[in-house]
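What the sequence shown shows, in our numbering, is residues 4 to 79, in sequence order.
Watch out, some of these pointers could steer you wrong.
[To be verified] Straight-line C-alpha distance at most 20 Å; calculated SDA-like pairs for lysine to any residue:
id: 1; residue 1: Lys16; residue 2: Ser65
id: 2; residue 1: Lys72; residue 2: Leu37
id: 3; residue 1: Lys16; residue 2: Asn5
id: 4; residue 1: Lys78; residue 2: Leu23
id: 5; residue 1: Lys6; residue 2: Tyr42
id: 6; residue 1: Lys16; residue 2: Lys35
id: 7; residue 1: Lys61; residue 2: Val33
id: 8; residue 1: Lys64; residue 2: Leu40
id: 9; residue 1: Lys72; residue 2: Leu40
id: 10; residue 1: Lys35; residue 2: Leu23
id: 11; residue 1: Lys72; residue 2: Asp44
id: 12; residue 1: Lys16; residue 2: Arg55
id: 13; residue 1: Lys6; residue 2: Asn57
id: 14; residue 1: Lys61; residue 2: Val79
id: 15; residue 1: Lys64; residue 2: Gly10
id: 16; residue 1: Lys72; residue 2: Lys27
id: 17; residue 1: Lys27; residue 2: Lys78
id: 18; residue 1: Lys35; residue 2: Lys64
The set of hints was computed from the structure by calculation and includes no laboratory data.
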Amino acid sequence: MNKNPFGEPQLGKRGLYPTLGSAKERNLVVDKLLWLLAYSDGTCDVIDIADRLNMPAKELKSEIEQLVKAGLLEKV
4 MNKNPFGEPQ LGKRGLYPTL GSAKERNLVV DKLLWLLAYS DGTCDVIDIA
54 DRLNMPAKEL KSEIEQLVKA GLLEKV
């Protein structure tokens, strides 16, 4: 669940903006981080979010771990 649902998540301050890879790859990572935060409202699980994004849930694993480590998501 998103621990800070209101306001800007401040990804840069938390070192979550990727620095390696192509611009397209970096943008996809940022998009996944923001989508996870937007949809993690307590009503959707990871499978629901992955379905909404039309991607396998395992493709979100790395971003989920980053958000949990940064204190923006908590496992419920």
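Q: Determine which of the earlier numbered hints do not hold for this structure and return their numbers in increasing order.
A: The structure conflicts with hints 4, 12, 13, 15, 16 and 17, although it agrees with all the remaining ones.
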